[in-house]
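Protein chains in written order, with our numbering: chain S, 1 to 114; chain A, 1 to 115.
These are calculated hints, taken from the structure and not from any lab test.
Given the structure is predicted, the values throughout are model-derived calculations rather than measurements.
Possibly wrong hints are sitting among the right ones.
[Claimed, not checked] Where chain S lies over chain A, by a calculated footprint (3+ residues, C-beta under 8 Å): (1) 78-88; (2) 107-114.
[Stated by the list, open to error] Partner residues are not named here, just some residues of chain S that face chain A (Cβ under 8 Å, in silico): (3) Y32; (4) D49; (5) I50; (6) S85; (7) F89; (8) G105; (9) T106.
Here a beta-carbon is modelled for each residue, glycine too, at the ideal position from N, C-alpha and C.
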Amino acid sequence: GENVEQHPSTLSVQEGDSAVIKCTYSDSASNYFPWYKQELGKRPQLIIDIRSNVGEKKDQRIAVTLNKTAKHFSLHITETQPEDSAVYFCAASTPRGATNKLIFGTGTLLAVQP
Amino acid sequence: DVKVTQSSRYLVKRTGEKVFLECVQDMDHENMFWYRQDPGLGLRLIYFSYDVKMKEKGDIPEGYSVSREKKERFSLILESASTNQTSMYLCASRSRSSSYNSPLHFGNGTRLTVT
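The following block holds chain A by itself, in its conformation from the complex (with noise of 0.2 Å):
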């Protein structure tokens, strides 16, 4: 059974910190993606990566970037923390399908809280 572990279950930050998010799966996946869940909202895109170093922009990468030095770990950060970025956030890994898309596996997930 696939795992995908996200390091925190809640974080409490203030205002302009730096904050990391950090998620490990362990299913050698090469997708791997990082969603934030709001309500009324649905689960939206931040950033995703598609094989180590590689990264590409999501739905709403604004105030966020990524680093993906190793396939199984892919990590988010806040470069200054606000409190709009107060959240749930998952993390989400896939692998990568030659024909048909296969499902994604998502953590259990981060809620932050910037005050």
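With the rest of the complex left out, here is chain S (with noise of 0.2 Å):
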């Protein structure tokens, strides 16, 4: 079935050092790859995401990148804060009939010291 797999499950950086998140997926019709932050104890939610039709996408700090031959994709976070620190999980969607199945990956712990 499909499957997303994240490493590492947890990171801890210097506050200014880079951190990079990755993941891999298995179902190749995979098209859309959205990356979520939850900060302790709050709700999910979108930071950024990427369309299979483009390899890579900036948002200020941010971006990720993606390997279609691969199947793999990744979250890279530049000068880190302590405000990055959070549970970051990637997705893949794929089309199945009437809606899209989003598969998430098992999380990163991101911690930043200060």
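Join the two chains, each given in its own frame, into one complex according to the hints.
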């Protein structure tokens, strides 16, 4: 079945360093790849997404890259700040008839040390 | 701004009870979802609905059922609660898109404890 693997499960960086989270997906029909950030005690919120016809997308300090051949995509956060500390989830969406099924990775707990 | 409201933030129920988790969205979204979130397992899809009275099983539907009688409301039902259903439950909604996917909008979650 469809599967999304996410690594690492925890990541600790110093403030100002970069952080990279990687995901691989199994279904080659997947065509949409969002990333969600969940701060402690809050709901997951979309921070960036990429569609299968694009290789890279940037939004200020965050960027996402997609390699369709290898079926993997990554989140890059530059100049990390303490407020970036959260759990990050990747996801892959596959068309399934009347709707699209979104499969999530297991999450990465990012801790940014001041 | 999309608002997805889950009726309870915290619930404590006894084993064997029938439990209803309610979710309401105010953006006329066609698609609604129920996930459970457990440490180390991420977000796992229980059920989803792509229209009124329509439902499909997700990856872990056993022990759950759902109801979608109105477009704005999607209910998750635990027919006979068990301790392994202790978890955080997240409802989400999404607009149906003809060409590209649209993002999920999540509620604040219901933390259910079954004793």
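The hints, checked one at a time:
Requiring three or more residues with a Cβ within less than 8 Å of a Cβ of chain S, the coverage given for the segment 78-88 of chain A is violated, as only 0 such residues are present. With 3 residues bearing a CB less than 8 Å from a CB of chain S, the segment 107-114 of chain A meets the requirement of three and the coverage assertion stands. Taking 8 Å as the C-beta contact cut-off toward chain A, the hint placing S/Y32 at the interface holds, the least distance being around 4 Å. Interface restraint check for S/D49: the shortest CB-CB distance to chain A comes to about 6 Å, inside 8 Å, so the restraint holds.
Among the interface hints, the one on S/I50 is violated; its C-beta lies about 11 Å from the nearest C-beta in chain A, farther than the 8 Å criterion. A cut of 8 Å between beta carbons decides the hint on S/S85: the least distance to chain A is about 17 Å, and the hint is violated. For S/F89, the shortest C-beta to C-beta distance to chain A is roughly 6 Å, which falls under 8 Å, so the interface hint holds. The beta carbon of S/G105 is positioned within 8 Å of a beta carbon in chain A (closest approach about 6 Å), and the interface hint is therefore held.
For the restraint placing S/T106 at the interface with chain A, the shortest Cβ-Cβ distance is roughly 4 Å, inside the 8 Å limit, so the hint holds.
Checked against the numbered hints listed earlier, the structure breaks hints 1, 5 and 6; every other hint is satisfied.
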